[in-house]
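Protein chains: 2
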Amino acid sequence: MRLSSALAASAAVLAFAAASSARADEGMWTFDNFPIARANQALGTNIDQAWLDRVRLSSVKFGGCSAGIVSGEGLVMTNNHCVATCVANLSTQAINYAETGFAPRTREDEVKCPGSSAEVLTDIADVTERMQRAGQGLSGQAFTQARDAEAGRIEQEACGGDPNKRCQVVTLYRGGQFKLYTYKKYSDVRLAFAPEDRAATFGGDLDNFSFPRFAIDAAFIRLYENDAPAQTPIHFKWNASRPVEGTPVFVSGSPGATQRLLTQDQLMTIRDVVLPMDQLIASELRGRLIRYSEEGERQAFEAMDPIVGLENTYKRGVGRMRALTDAQFMAMKAAQEADFRQRHAAANAGAANDPWTTLAGVQPAVRELYAPMALLEGGTGMGTTSVAGGSQLFNWARTLVRGAQERAKPSAERLPEYADSRLASVQTGLFAERPVYPELEQIRMEWWLSKTREWLTVDDPRVRGLLGRESPEGLSARLVEGTKLADPAVRRALWEGGLAAIEASDDPMIQYLLSIQDETRAVRSDWEARVEAPTNRASEQLAAARFAAYGDAVYPDATGTLRLTYGRIEGSDVPGQRFGAFTTFAGLWDRATGAAPFDVAPKLLAAKDRIDPDTVIDMAVSSDTIGGSSGSPVVNEAGEILGANFDSTVLTQRNAYGYDRNVNRSVIVTTGAVTTALRDVYGMERLVEEMGGE
Amino acid sequence: MRLSSALAASAAVLAFAAASSARADEGMWTFDNFPIARANQALGTNIDQAWLDRVRLSSVKFGGCSAGIVSGEGLVMTNNHCVATCVANLSTQAINYAETGFAPRTREDEVKCPGSSAEVLTDIADVTERMQRAGQGLSGQAFTQARDAEAGRIEQEACGGDPNKRCQVVTLYRGGQFKLYTYKKYSDVRLAFAPEDRAATFGGDLDNFSFPRFAIDAAFIRLYENDAPAQTPIHFKWNASRPVEGTPVFVSGSPGATQRLLTQDQLMTIRDVVLPMDQLIASELRGRLIRYSEEGERQAFEAMDPIVGLENTYKRGVGRMRALTDAQFMAMKAAQEADFRQRHAAANAGAANDPWTTLAGVQPAVRELYAPMALLEGGTGMGTTSVAGGSQLFNWARTLVRGAQERAKPSAERLPEYADSRLASVQTGLFAERPVYPELEQIRMEWWLSKTREWLTVDDPRVRGLLGRESPEGLSARLVEGTKLADPAVRRALWEGGLAAIEASDDPMIQYLLSIQDETRAVRSDWEARVEAPTNRASEQLAAARFAAYGDAVYPDATGTLRLTYGRIEGSDVPGQRFGAFTTFAGLWDRATGAAPFDVAPKLLAAKDRIDPDTVIDMAVSSDTIGGSSGSPVVNEAGEILGANFDSTVLTQRNAYGYDRNVNRSVIVTTGAVTTALRDVYGMERLVEEMGGE
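If you're matching them up, the sequences are chains A and B in order. Everything in the first sequence is counted per the working numbering, starting at 1295 for the first residue and increasing by one. Everything in the second sequence is counted per the working numbering, starting at 1295 for the first residue and increasing by one.
Bound conformation, chain A alone (with noise of 0.2 angstroms):
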C-alpha cells in the first residue's frame, strides 16, 4: 500500500522525470562513475571510495552470473541455477546431484566445475581516445576490424599471456566510452555446496519470474589458485539477520545486456523482427524438449537443465513483448527519446543529420539480415536466444575449425573472438569434460537446421549451403553420430594440431563446419558493414549528444560487466504485481501441492520441524537488476552480505528498455534462508562456522 498514493500521478511523472537523467534508484552504474553523494542521500546512507572498493573486490563475475565472496578462503556465494550446468556435469542419471542435492562432507570433497572459471574485477582504465582514433575515418567493416583489432592490442599489450589475468576492453554507452578492465582470474573453481534443485527451484518455471517465491537459489563454490584454497582477505560479512523492510541495500553484479540507449526506431526492429523471431523458434524447441524428455527416465535426466534454460530465456522473452507493447511504458520511451531529441536539437540547429535519423535509415538493414545474422551466427547482442548450430558439437566444432583459421593469421586481422588475448578464455570452454548426450545434441541440431530453412526459405542459396540434398533430419543424425568431438582428447589434439589437422581431418562434424565458412562468414561480414558499423558510429555520437545534454549523471547500458545498483528492500503496489517484501518457510509449506513443481524437496520437507516457520526465505527489492545480476551479492551500508539477487518479476522484464521505479523489483534468497538450509538441512555447518555465523 505504500507505493498506492505515488501511482496516480506515476505515468506523468516518469515520462517527465525520466526523460532527463537516471532517477533515484535508478541505474546499473559503473564502479568508476557510482553517483556516490546521490546514493547516500537517497538511502540515507554514508559510503565511500573505500566502501565501493571493498565491495568490487568482494564481487565476482562467474559466467553468466555474478557471485559474491564471503570468507577468507575463496568461498563463494552465487545462485544455485548459476551452478545448474557444473551439477548436471558432475552428475549421472545413477548419481543425480539435482535430485540430492551437493552437501560436501569435507573441504576436499568439493569438485572442479568443467569449464568454469571466475573473475574479479581489479582495475578499471580509461582507453577512449585510443579506441576512437582506430576508426578514425573509416566505416563499414573496416571501421568494424580496426576497433576489434585495436582492443586486441590493448589487452594483449596489458595481460599478455598471464593465465591468471584477464583484460578486456568493454564498451560503454554503445561508444560513448571505452574501458579496460583488468581481472583477477581463478581457473580452478570448485562446488562447494548446492541443495536439491527443487529446493532451489520451488514453483519451477511457473514460479519463476514471479514474487512471492519461496526457493532457496544460492549454492556456494570456491576459487582455487596452485590447487588449494584461495586466500580471500577481502570479502563479504555474512549476515544472516532478519531482514528489515526499507532497508537501504546494494546490489553488485554483471548485468548481462540492457538496450535503454536505444531509439524507438530501433525498439521497433526489436519488437517487430528481432523478439517474434527468437521467441517462436524457443517455443519449438521447447516442445520438442518437453516432449523428449516424457520419453524416459534418462530422457527426462538429460533435458532437464536446457529446458530450465530455455524456459527462462523464454519467460523473459515474454516479459520483454509484454513491455514494447505496452502503452503506457512505451509511450514514456518516447517521451524520454523527445525531450532528449529537443535539447540536441536546440544545440545543434543547422546540422546535416542527427543520429536518430542515421539510426532510423539502418532499422531496414537489420530487419533484412537479423534472421540469417541471429540464425547462422548469433551474436547479434539484440535477441534473447543463442540460436546458431543448437548443438554443443556443432559449437565445438565451429571454435576448432574458426580458431584454426583465425589463428593462421595475424591477431589483428582476426575475428575478434580469436585475437591473442581471448584465446585462453575460448581453450577452458573447448577443452572442459562435459557430458555430450547425443540424442538431445540430434534434436537440436535438427530443430536448428530445420528453422534455419523455414525462416530464411527453403530456396534461400545458404539455406542450400547447409543442406545440400539432405534433409535436417538426415544430416543431423548423420553428423552427431559421427563425430568423435564428445572426447575432450580429441577436441584438444584438433585445436593444437591448428588448421593442418583440422582440414586433415574426416571428422564429418569438422568438415561440416568447414563446408558453410564461406556462406556464414560472409553473413557476418554483411552484418557487420551494413548493421554494426553504422549502428555503433551513430550510437557513439549519440552518446556524445547524450553527455552533452545531460552531463556524466547518465549511466551506461548494462554490457555483461561489474556494476552497482541501489535501493531498498521493499514490496510492490502496482496493478499485476501487488506483494510484501518477504516470504517464509511458512509460506512454503502453504503453497506445497505435492505435485510437480510444487513439491518441497524430499531433505528439505524432512527438516519441517527444525527450520523456524517464521524465517524469512525470499525478499523484494527496488534495485536495479536485469539477466546476468543472478548471484549478485545483496550489501548493506555496513558492506555486509544479505543475500543473493536471483530473480525478478515479468513486469520488470521492461528494465531491458527503460527503469521504472513502481514496477522493478528484484528477488534475492536471504542469507538467513540459505543458512537455515546449510545448517539444519543439508548438514554444511562447516561453511556456516567458515563464514563466521553462529
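A hint or two may mislead.
One copy or two, it doesn't matter: identical chains are merged, so the pair holds either way.
[Unchecked claim] DMTMM-like mimics (lysine to aspartate or glutamate), calculated; alpha carbons at most 20 angstroms apart, straight line:
| hint | residue 1 | residue 2 |
| --- | --- | --- |
| 1 | Lys1531 | Asp1884 |
| 2 | Lys1778 | Asp1620 |
| 3 | Lys1609 | Asp1754 |
| 4 | Lys1531 | Glu1767 |
| 5 | Lys1609 | Glu1662 |
| 6 | Lys1778 | Glu1983 |
| 7 | Lys1609 | Asp1753 |
| 8 | Lys1406 | Asp1781 |
| 9 | Lys1609 | Asp1566 |
Since the hints were derived computationally from the structure, they do not count as laboratory data.
Fit chain B to the supplied structure of chain A, relying on the hints for placement.
For chain B alone, coordinates are given in the frame of chain A:
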C-alpha cells in the same frame, strides 16, 4: 516485370485510392451485391445475373473449405487438403490412403467421409431490420443474447427440422446487415478420389504459402441423396485446356474471415496480444508433435494430419504478424482510417462520441480477456488457433455436457450454438465415426492445460479450478485413459440421454467437463458483456458510417459464407515475391531432391514418361482470397472451371487486414494438371469422362 512500373507509385496510390472504396479486383463480394458492371469493365467480360446464379448453384461449401460441382451426378472438385482429415479417418497405419492415394475403380467403391456434409447456397433474404430490432435498447450480455435468440428463431422458422436444408443468419459488415442464407444440405458425402498425399503437398510446409508451386492439391467428393449420387444438372463445365496469362477469372467460394473493417486500435490489439499468444503456443505444440512423430511409424502416422493443419495455421499467422509490422502496409491502413474518420466527422459535427473512440475504449478489456477467453472457450473470432481443450475427446465431452445443459432450456435462452436450428449440425459432428489416438489426445490436452496455466498464471482461480491439485500431465493422462467417449455409440447414448444421463455418467471426461462449467461459462459471459456486445454495437455504427461515406460499393468482411471475387491469371513482381504465372511438370521434376518433402510421390514419379513436361500444374491469379477459399472453383467468363484455388503466398496474408493488388496472389491447381493426374497417373479416366473430358 509487368507490374514494376506501377510499383514505384504503389504506396502513395494505395494509401489514397484504397482509402475510399474497393478498387479494381478487390473484394470478396456477396452474390447479392456483386458489382457486375465494374467487374465487366475492369476485366472486359460480359457476365450477368444468370451467370451469377449458375455459378452460385454450382459452388459448394464443404466443411471449412469450398468446392465446385463438375458433373451432373454430384461429382465435386475440392482440394486434397480439404479431404485430408477424411482420408486420415478412413485410413489405418496398414492401409494408409495418404500414402497410396484413394482411387476407387468404380463409383460403388466411393466411401463416405465420416461426419462430413456439403451445402449449396439456394437463397438469400434480408433480415436486418428484424435483427436490429431485437437488440434495440439493450447492452452488454443482454444485447448479445437477444440477438442470438432472434437469429435462432429466424433460422428455425425458415428451415424447421428439414434435414436437407440449413438456415443461417449471417452477420455482414460487422452488424451493418443481417442476411438469412438458406442452403441445400447434403449429409452423405463420399470420397471419390484423392491423389497420393505427397503429390498434393510437394514441398510440404516449406512450399506452403508460396509460389512457384508444384502441387496437385485436388481431390473429388461426390454428393449423395437417398443413397444415390445426387442429380446436379447445374454444374461447372470442365475446361482442361492450357491456361492463358491475363485471362479474367472469378473465384467462387467461402472465405473464412477477414478483419479489414477493424479500426487501427483493434488491429494493434491483434498485433500486440492475439497473434503473439496464439503463435507462441501453437509453436510449442508443433514442437511436441514433431518430436512425437519421430518416435515411431505409428506416431508419425497419427501426427501427420494434425501437424499439417497446425503448420498451415501457424505459417498464416507468421504472414499476418509480418503484415501488422510492415510500416508501409500499416501506413496505408492508417490513411484509410484517417480518410474515413474525416468524412464521418464532417458529416457528424458535434456528435458526442464516434465509433472509433468507443472501440478504442473496449481494447483494454480485449487485452485483458483475450487470453482466458481463447484458452478456456475459444471462438473469439480474432486469433489464428482454436486452443480450448486441445483434444477431440475434450471437445466431444464439452458438446455433450453443454448440449445437455442447454437443451434443458428453451431454444432462445440457450448458448447460440445449441439453438434448435443448429442441433442437426452438432449431432453430425458428434456422432461421426472417427479414429481416436489416445497418446495424441493426451499430448494435446496436456499442452492445453499447461499453456492455460502458464498464460493465466498458476494462481488464477480458474486455473486452480481446472487443475485442482493435479498436474497437466497427470490430469490429462487420467482423463484420456479413463474416458469411453472414443466410442460413437457412447457419445450417442449420452447425447440422447440428456442431462440426466450426463449427470449420472461416471465417465471421467464428462465429470471433468461438468466440474469446470462455472469457470468457463463465466469467462464467456464476461467476454460477451465487456467485449463482444460493445464491439458489435460500435461496429454496427461503423458500418452505417461506412455506407454513409462510401455508398454500397463496399464489401463486407469474409464470414465463411459464399463470396465471389474477380481478377486475372498473372504472376507477381514485387520485392520478395517475383514469379511468373505458371509452373509445369518439368519444374516439378527439377525441384525434386528425393528428400522429403521434396520427394515426388511414387505413382506420380512412375508416370513421368506419360506426362507432357510442359503441362501447367499450378497458376497464380490476382483474385482476393483467404483461408476458407481453399477448393474454390476458378471460373472463366464462360462459366467453365479452370482450376481449384488452394493457397496464396506469405505476403498475401496481409489480405486479412487489407487488399494489396500488387502483392495479393492466389495459387490455383489447374484442371489440366488434375486431368493429367486422373488419366495418366491414377487410372481414373472414368471421372474425366464423367466430366465430359476427352
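Practice problem: Check Lys1406 against Asp1781 for me: Cα-Cα at most 20 angstroms, and say if that holds within a copy, between copies, both or neither. | Solution: Within one copy only: 18 angstroms inside a chain, 58 angstroms across chains, cut-off 20 angstroms.
Exercise. Tell me, please, which holds for Lys1609 and Glu1662 at an alpha-carbon limit of 20 angstroms: within, between, both or neither?
Key: between (26 angstroms within a copy, 19 angstroms between copies)
Self-check item: Up to 20 angstroms CA-CA - Asp1620 versus Lys1778, copy category
Solution: neither (49 angstroms within a copy, 46 angstroms between copies)
Exercise. At 20 angstroms max between alpha carbons, let me know whether Lys1609 reaches Asp1753 within a copy, between copies, both or neither.
Key: between (33 angstroms within a copy, 17 angstroms between copies)
Quiz item: Are the CA atoms of Lys1531 and Glu1767 at most 20 angstroms apart within a copy, between copies, both, or neither?
Solution: neither (54 angstroms within a copy, 45 angstroms between copies)
Quiz item: Which holds for Lys1609 with Asp1754 at a C-alpha limit of 20 angstroms: within a copy, between copies, both or neither?
Solution: Classified as between: cross-chain Cα gap 18 angstroms, same-chain 31 angstroms, threshold 20 angstroms.
Quiz item: How do Lys1778 and Glu1983 come out at 20 angstroms by Cα distance, when the copy is not named: within, between, both, or neither?
Solution: neither (46 angstroms within a copy, 62 angstroms between copies)
Practice problem: Pop the pair Lys1609 and Asp1566 into one bin, within, between, both or neither, using alpha-carbon distances up to 20 angstroms. | Solution: Answer is both: 18 angstroms inside a copy and 16 angstroms across each meet the 20 angstroms cutoff.
Self-check item: Copy assignment of Lys1531 with Asp1884, given that the CA separation must stay at most 20 angstroms
Solution: Classified as neither; 32 angstroms inside a copy, 72 angstroms across copies.
Hints 1, 2, 4, 6, counting from the list given before, are not met by this structure.
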